[in-house]
Amino acid sequence: GAVVSQHPSRVICKSGTSVKIECRSLDFQATTMFWYRQFPKQSLMLMATSNEGSKATYEQGVEKDKFLINHASLTLSTLTVTSAHPEDSSFYICSAPGRGNQPQHFGDGTRLSIL
Amino acid sequence: ELKVEQNPLFLSMQEGKNYTIYCNYSTTSDRLYWYRQDPGKSLESLFVLLSNGAVKQEGRLMASLDTKARLSTLHITAAVHDLSATYFCAVDPPLNYGGATNKLIFGTGTLLAVQP
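Chains as they are written, first to last, in our numbering: chain A, 1 to 115; chain B, 1 to 116.
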């Protein structure tokens, strides 16, 4: 079964709307979670590392004021796309590290479409 | 900056044929992962390769790692239509002082289309 739950799975909204995406670890605690973005027919790009109880670490070129990350508990990280515009339309995927060398656990992704 | 490149980017092959996907990365790493992505879906973990010379097999897929050449391969044997998907390799870049960041840098992806 899924070990990381992500929702919503799909969002369609108007330009200027802020959208919140949730990523939950099920049955385990995740002090770190990762947020990726994938444009159509492209690879996954790491946006930021979410750290429980502290500020997120953003990758170069990712606007921290645009993509707000909150990791207030050991099982929940949220990504808020503020004042979304059509260019923010993408597939957003969260993940949590596996134990030791095990692969990351990925959520099912959120397809965001801004009209 | 760590770069991870795959080739080919697109592969059309007939059922029953064999082929290899290549993954090259630009800096030292001892942890390499292979994932499968179906259209509109998230990632499914296929293999974890942790040391030079590591080889893992699952069904018609076999992955290997050569850390000295900074190369991993994903070999497909006797392809079937169900293997059609996009395949990504991903590298976990090391910290300067050792250990791993747990961040993943993904390859460009290979879209595999297996024709009946």
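No lab work stands behind these hints: they were computed from the structure. Possibly wrong hints are sitting among the right ones.
[Said to hold, decoys possible] Looking from chain B toward chain A, a few residues come up when the C-beta cut is under 8 Å (computed): (1) TYR33; (2) SER42; (3) VAL48; (4) VAL80; (5) GLY107.
In this text, a Cβ means the ideal position worked out from N, Cα and C, and glycines have one as well.
Tested hints:
1. TYR33: holds, 5 Å
2. SER42: Holds - the Cβ of SER42 (chain B) comes within 8 Å of chain A, reaching about 4 Å at its closest.
3. VAL48: holds, 5 Å
4. VAL80: Hint on VAL80 (chain B): violated, closest Cβ of chain A at ~24 Å, above 8 Å.
5. GLY107: Hint on GLY107 (chain B): holds, closest Cβ of chain A at ~7 Å, below 8 Å.
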